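Colleague: Below are the chains, spelled out letter by letter.
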Amino acid sequence: MGKKIELEELRHGTELLKRGFAKMQKGGVIMDVTNAEQARIAEDAGAVAVMALEKVPADIRASGGVARMADPKKITEIMDAVSIPVMAKCRIGHFVEAQALEALGVDMIDESEVLTPADPFYHIDKRKFKVPFVCGCRNLGEAVRRIWEGAAMIRTKGEAGTGNVIEAVRHMRMVTGSIKHLAEMDDEELYILSEEYTQSYAKSAEAILGREIDSNTPVYGDYLYDDIKEEIFGILKEIRKLQRLPVVNFAAGGIATPADAALMMQLGSDGVFVGSGIFKSSDPEKRAKAIVEAVTHFDEPEVIAEVSKDLGEAMPGLDIKSLEVKLQERGW
Amino acid sequence: MVKIGVIAIQGDVSEHVQSISRAMDILGIEGSVITVKKVKDVENLNGVLIPGGESTTITRIMNKSGLTEKIRKMYAEESIAIMGTCAGCVILAKEVEGGEVRGLELMNMKVMRNAFGRQKESFETFVDVKGLEEPYPAVFIRAPIIEKVWDDCEVVAKLGDKIVGARQDTLLALSFHPELTGDHRIYKLFFDML
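Protein chains in written order, with this note's numbering: chain A, 101 to 432; chain B, 188 to 381.
Quick caveat, the hints were computed from the structure, so don't treat them as lab data.
In this text the structure is predicted, and so the values were computed from the model without any measurement.
Incorrect hints may have been included.
[To be verified] Stretch-level coverage of chain B by chain A, calculated; a stretch enters the list once three of its residues show a Cβ under 8 Å from a Cβ in chain A:
1) 199-207
2) 259-268
3) 291-300
4) 326-332
Where a beta carbon is used, it is the ideal one built from N, C-alpha and C, also for glycine.
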């Protein structure tokens with residue numbers, strides 16, 4: 101003992117630290133907040149982290165236009181207000197917004213479909229960052245591509261700002277169902293699947309180059325098509341063995357009640373994001389606490405029944421069929 | 188047969204469950220490990236483990252469910268072993284700085300939450316731990332620091348001049364995450380307290 105800390109002995113921004121940070125969120129609720137006051141309410145209610153935003157998704161949906169990274173001043177105010185981790189969103193592919201958020205010191209970046217995408221071809225190369233990323237997915241293919249790009253955490257997309265849980269359920273069932281199916285696949289079938297999952301990079305490269313690509317064409321930064329396919333094959337083998345994603349997987353997009361949150365947990369989520377569901381309801385404080393308890397005690401119906409009592413009005417929901425814009429279709 | 192319970196309110200619970208089972212196999216200890224959410228789950232436990240996670244979240248629900256009171260009572264009456272990592276270290280401390288946390292308040296130490304800073308200041312390194320021959324691979328994630336210890340609370344791990352591990356009677360607090368590296372040696376220190 102008594103050895104001096106040598107600065108070069110401290111390794112920052114490693115994969116273990118990024119994925120480890122996400123693991124500390126498990127079994128918790130991450131709440132969207134738009135100011136310091138809401139952040140404090142979330143922390144007091146037992147949120148494991150807050151997502152700092154200018155507007156909650158329901159308001160982004162209502163106002164239309166281009167949705168961008170939040171004002172850094174607002175994010176800093178929220179960071180100063182609470183002791184729990186603060187996350188913030190950048191647009192899909194907007195690596196400069198991500199650089200700015202990293203410089204600001206947010207604890208995790210959400211490369212999010214809730215904001216307007218900035219790049220028609222590529223998601224951010226998240227391995228270039230020391231800060232961990234969370235990304236949305238609708239199915240196993242999207243999840244695997246985001247993990248390959250360096251996401252330390254996945255969340256199923258659902259349909260943000262609707263207060264309607266059906267899309268969150270759809271995406272969670274698609275991911276967990278596909279993972280179960282992997283168990284029945286041999287290496288050859290898995291290899292064919294990795295080829296299928298790599299196609300989206302090939303398509304982007306073809307659209308940019310205006311010609312067909314071959315196995316040695318760089319299709320994502322300097323990464324060659326074949327190399328990506330091999331690495332995705334490796335990720336799929338790991339998922340087949342673990343029978344779950346190798347990173348933490350939360351549910352998001354439409355969770356509005358304690359029962360919604362517990363439903364997602366019973367379907368296999370490691371935790372939940374609640375966006376508009378809390379601060380668009382009539383009694384945010386009470387609802388926030390109830391959702392936190394529902395996530396811990398997700399398999400105890402008597403607790404769900406108890407915490408669901410007298411919560412006031414939930415956020416007004418939207419039918420998915422009535423939507424002009426489906427946020428979940430952003431990203432690929 | 189030893190029976191260990193991992194507090195499963197929030198945090199990296201499954202990592203601890205797996206690490207404990209693995210350590211039991213390696214060390215040839217006969218026993219079982221369960222997850223604890225309610226007061227009735229802690230009956231007949233020899234040891235309790237408090238994982239990493241958010242200390243504010245974990246204490247809020249531990250206090251509300253009566254787990255805090257029950258575990259304090261079991262420690263007072265039966266001297267059960269309790270180990271806390273990161274958030275668990277905060278929860279074991281009598282004094283906490285940097286946020287409202289009132290946990291088990293059993294150990295004579297003052298802990299500063301998020302003492303190294305935010306996630307970008309999180310790091311991996313090796314630390315010397317009393318009782319272990321070789322340095323231990325330690326993962327610090329938005330980690331706390333033990334600012335001071337008093338009376339029978341003893342320092343067991345240091346990083347430079349910063350205290351990152353302490354022991355008092357059958358209580359062990361670490362500001363890092365042995366459950367993330369899978370190195371079983373820390374769990375041996377815990378089993379030795381049972």
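Colleague: Taking the hints in turn, state whether each one holds.
Modeller: Cross-check of the supplied hints:
{"no.": "1", "hint": "199-207", "verdict": "holds (count 4)"}
{"no.": "2", "hint": "259-268", "verdict": "violated (count 0)"}
{"no.": "3", "hint": "291-300", "verdict": "violated (count 1)"}
{"no.": "4", "hint": "326-332", "verdict": "holds (count 3)"}
Hint compliance for this structure: hints 2, 3 are broken, all remaining hints hold.
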